[in-house]
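For chain Z, the structure is supplied; the task is to place chain A on it using the hints.
So the protein sequences, as listed, match chains Z and A. Numbers 1 to 325, taken from the numbering used here, label the letters of the first sequence in order. Numbers 1001 to 1325, taken from the numbering used here, label the letters of the second sequence in order.
Just so you know, the hints here were simulated from the structure itself, not pulled from any lab data. Take the hints with a grain of salt, since some may be wrong.
Calculated from the model, a selection of chain Z residues having no Cβ within reach of chain A, i.e. all distances over 12 Å [as the list claims (entries may be wrong)]:
id : residue
1  : Tyr14
2  : Gln91
3  : Arg136
Residues from chain A shown here face chain Z by an in silico Cβ test under 10 Å; the list is partial [claimed, not checked]:
id : residue
4  : Pro1024
5  : Tyr1113
6  : Tyr1115
Virtual Cβ for every residue (Gly too), placed ideally from N, Cα, C.
Number of protein chains: 2
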Amino acid sequence: MLQLPHLLDRLQEYARQHPFPDQPAQLYAPCDYILALGGKRLRPALLLLGYELFADELDAALPAAWAIELFHNFSLVHDDIMDAAPLRRGQPTVHTRWNLTAGILSGDVMLIYAYRALAAVPDKTVIPDLLNTFNRFATEVCEGQQLDVDFESRDTVSIQEYIRMIELKTAVLLGGALEMGAICAHADPEDAQRLYHFGRLAGIAFQIQDDLLDTYGDPLKFGKQVGGDILQNKKTLLVLTALACASPADQAELRHWMRSSSDDPDAKIAAVRAIFDRNEIPRQMAEAQKRYQTEAFQQLEAVRAPEARKKALQKMIEDLFARDY
Amino acid sequence: MLQLPHLLDRLQEYARQHPFPDQPAQLYAPCDYILALGGKRLRPALLLLGYELFADELDAALPAAWAIELFHNFSLVHDDIMDAAPLRRGQPTVHTRWNLTAGILSGDVMLIYAYRALAAVPDKTVIPDLLNTFNRFATEVCEGQQLDVDFESRDTVSIQEYIRMIELKTAVLLGGALEMGAICAHADPEDAQRLYHFGRLAGIAFQIQDDLLDTYGDPLKFGKQVGGDILQNKKTLLVLTALACASPADQAELRHWMRSSSDDPDAKIAAVRAIFDRNEIPRQMAEAQKRYQTEAFQQLEAVRAPEARKKALQKMIEDLFARDY
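Next comes chain Z alone, as it looks inside the complex (with noise of 0.2 Å):
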């Protein structure tokens, strides 16, 4: 069994011998640039981590786990051009480095040779099982992202409708990756869905600590400017949260918060602060994610594997939620 720095390695050289062809460069060279902006391989590592749970040797696991980065890269690129969004790990997007064909272009491409991983995966038995749990999840994925777009343009989005947003948009795919993991070493059914609900749960519990360590972050460790969703008006969990259960002047003075451009921003983000924190919403907030946490966690205890082996995955995701920037 490996710990989490040589599976990486693993994937980093797997990737390295299964590179994408030279030409044409203008479909290619997005896709090695975008897989070289780093990340974590957060889902790779999750996929690996779940197979070791099982089983040994590796190789019969690195191609899935190839196969999802490969899908996570190809929705980064999509997103970025329906968020229009410029920079990306503070590089240039693909559609703003190159243009919009490429970015589509290049999307899809990554998304093919994902496939192509899965059908790489040298244990043939497996593959119609790992294919239907990569489609179910890739079709989530899109559903959640369509479920976001729709939701900027909708006055109210209940709790309920947002965490599910959150759920297909990214928990999905961490619990996705577990159970691939799992598939990949002959798991048994039914741990590799209690796997599946681990990765999905603590997905969200992910998405709820991001909604909060935007606006509650500590300013030297966070990576962005802490309320940036504050000061671009994005309907995140604590809004929703404080539209619901605030006091109705709180919620009248975030609506017209939330309607405002900001001349001053610091204002801003203080005023909508100053709301969370009257109406405790912070408090819900952090409560909500340690139930998903905690449940998070009881689906992994039941899992039947090597309570050592469990060791790894229990402290990789504890580690996550350990961040306070």
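Below, chain A without anything else, positioned relative to chain Z:
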């Protein structure tokens, strides 16, 4: 063994029994829209005819046939964005009727649904082979689209490069459809390859014919304006052949027309056609088409399947070549 109209009825029935979800409506309504715009369902028809060379139980091939139609429609929606095309079959394109996000995301989800349809093929043992074939041509179609885009901004494109582009962009999909049909029927891999080459070569011949008909088709039967390619200064095979074989004076005149906008469209069409005619370009192209067509049918002849069954496939392809519009 069923005749073509019955095959397409069965396909339609399969599609009706496997609809897209209703929600999110903005994601799936464009999928229903593009699939309802019509089209000849050429690719699934080829898949089913390829299957019927070797087997009868159509249920074994219908999901794969629907997969290839979904793939084709994904590529239409994304190509229409890249080409900034306002209309398809006389109706607004998806990104025109909805917006860019709908075009990108509904295309993505149709591609994923194509893989879902593949995963629904009842005989799970053929899925790895189907997946390999599908992934191969899906990649090639993206590469072909990229070459097409690249060629627009290039001064010179060789005839060989152009043929390779149309092979990747459209012909391999026809070959791949036939190959997938053979795979569903557990045909001998050699016969599956012959069918692939039959479709690929016939596909190249169709594209050459398309270029020819755009300038030389019967105005009464041709759906679009005859000479449309000339007015759009498209580097068709007619143009590339003329730039390679015409007299130096005619080459210079053609280059002049290709740089000019059309104040008098009829004059431009007439002048460019005259250049083609003087240099016997239509005859050269008809010969090239015939060569590919002949090679294609040689591949079909070599396929070891009952002659009576090969006839249906042969007739369908011959009917397509008999177009004079």
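Here's how the hints hold up against the structure:
Even its closest Cβ contact with chain A, about 18 Å, leaves tyrosine 14(Z) beyond 12 Å, as expected for a residue assigned away from the interface. The claim that glutamine 91(Z) lies off the interface holds: its Cβ sits roughly 21 Å from the closest Cβ of chain A, which is beyond the 12 Å cut-off. For arginine 136(Z), the requirement that its beta carbon stay farther than 12 Å from each beta carbon of chain A is not met, with the minimum near 8 Å. Annotation: interface hint on proline 1024(A) holds; nearest CB of chain Z at approximately 4 Å, less than 10 Å.
The closest approach between the C-beta of tyrosine 1113(A) and any C-beta of chain Z is roughly 7 Å, which is under the 10 Å cut-off, so the hint is satisfied. About 5 Å separates the beta-carbon of tyrosine 1115(A) from the nearest beta-carbon of chain Z, less than 10 Å, and the hint is met.
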